[in-house]
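Each residue of the sequence shown is one higher than the last, beginning at 1 in UniProt numbering.
Just so you know, the hints here were simulated from the structure itself, not pulled from any lab data. Keep in mind it's a predicted model, so treat the numbers as computed, not measured. All C-beta atoms in this analysis are idealised placements derived from N, C-alpha and C, irrespective of residue type, glycine included. You can trust all of the hints, since none of them are fake.
Mimicking EDC-like on lysine to aspartate or glutamate, the simulated pairs with C-alpha atoms at most 16 Å apart in a straight line are:
1) Lys45 x Glu129
2) Lys45 x Asp133
3) Lys45 x Glu126
4) Lys221 x Asp22
5) Lys92 x Asp52
6) Lys221 x Asp24
7) Lys92 x Asp358
8) Lys221 x Glu239
9) Lys179 x Glu11
10) Lys221 x Asp23
Label-pair ranges, simulated between beta-carbon atoms:
11) Glu129 x Arg91: 28 to 36 Å
12) Arg270 x Arg91: 43 to 51 Å
13) Pro263 x Asp216: 23 to 31 Å
14) Arg50 x Ser226: 38 to 46 Å
15) Ala173 x Arg91: 37 to 45 Å
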Amino acid sequence: MWLTQLLARNEQCFPGRVAVIDDDRRVTWRELARRVHNLAGGLAKCGVRRGDRVAVLSGDRAEVVEAYFALGRLGAVVVPLTAGEFAAAARKAQLAAVLGEQALLAGIGESGPAFRLAFEDPLFGELAELSHDGTLPEVAADDLAAILYGSVHAKGVVVDHRSIKDIALGWLAVAEPSKAMVFASCRPLSHGSVVLSLAYLAAGATLVLAGGADADQVITKLAEHSATHVWLTPRQLTELLHAGAFHDGTLPRLSEVVYGGAPMPVEVYRQVATRFHGRFRQVYGTAEAGGPVATLGPSEHPVVDAFAPPLPEALPVGRVIPGMSARFVDADGVTLPPGSAGELCVRGDGAMRGYWNDPAATAEATLDGWVRTGDFGHVDEAGYLYLGGPPC
1 MWLTQLLARN EQCFPGRVAV IDDDRRVTWR ELARRVHNLA GGLAKCGVRR
51 GDRVAVLSGD RAEVVEAYFA LGRLGAVVVP LTAGEFAAAA RKAQLAAVLG
101 EQALLAGIGE SGPAFRLAFE DPLFGELAEL SHDGTLPEVA ADDLAAILYG
151 SVHAKGVVVD HRSIKDIALG WLAVAEPSKA MVFASCRPLS HGSVVLSLAY
201 LAAGATLVLA GGADADQVIT KLAEHSATHV WLTPRQLTEL LHAGAFHDGT
251 LPRLSEVVYG GAPMPVEVYR QVATRFHGRF RQVYGTAEAG GPVATLGPSE
301 HPVVDAFAPP LPEALPVGRV IPGMSARFVD ADGVTLPPGS AGELCVRGDG
351 AMRGYWNDPA ATAEATLDGW VRTGDFGHVD EAGYLYLGGP PC
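Based on the provided sequences and hints, a complete structural model is requested.
In structure tokens:
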């Protein structure tokens, strides 16, 4: 199983390198591999079994990374949730357990499973630190890995281990991360952000959990941990700009801004590109597609200087990553030619297997093996995807 192979490989190749930074805590690959193995065995002793749905209710912290890897090693199904999503998802997913922050667990009341384990509980630390006897199950590529809920709808997107691997490898092929990178994530460790972070971790890069609610704190973390890459939304990018992140010398090691989650306003791009002279990379994806679908790479972003041509009215979201296909269709599901506006449909090995226990919704969201994204736009002759309508 790829997640276990990733962890074992990086433990062997980079044992003393830092894998995850969470404020003052630095977790090496050796430590992460040990804690994940122990935690998987400990959760098994507590009754968590292969195929069980286990919610993770937490902000971004190192324990979330440990829990994701451990549950994957155990063959359990990760269900990342916010407090607002918990009640409905707990009923639909038939959760066997929930892990998370003490304050958030206290807020869910009596709803959900009886087995609850807070990251702050001494038992969690004991499970991760103490070795456990017993054999863990073999996990297959087509075993379920996660059920993803979101604020847009209450349907659970089902993805398997093969999906996570294929999407992560597709991103590895276009972004070419390396072990020298320090990848700071300002996005929650859920949905497509997990796959993106896994791709950088697979290359041996260091993952910095930078938060994202407070721009000044994010800037401090990026500077303190010498981040080379940052992953955020256009709104967060605007907040960093206004907080002075791109003044000369503030973030000397930052070389690439990776953004997604919403369209990039051209004026915001112009303002940031005027101050930040590194690289930009856009990510477009959906939970139903398994994560990233398309990317607009650094060389495909327009130059911003006094001698460059005027910026376009809108930036494309990019071209599909390896392993993904895209087409736009009309109301009857007929594929449209370049330049004609329609609904974007995507297909690939990384796409969802369907919605959890909801065949009717799955049928509505798919079209002859393609996933309907609900996003509208067009593709040009060069394969660039534009969202929002046809070209002028």
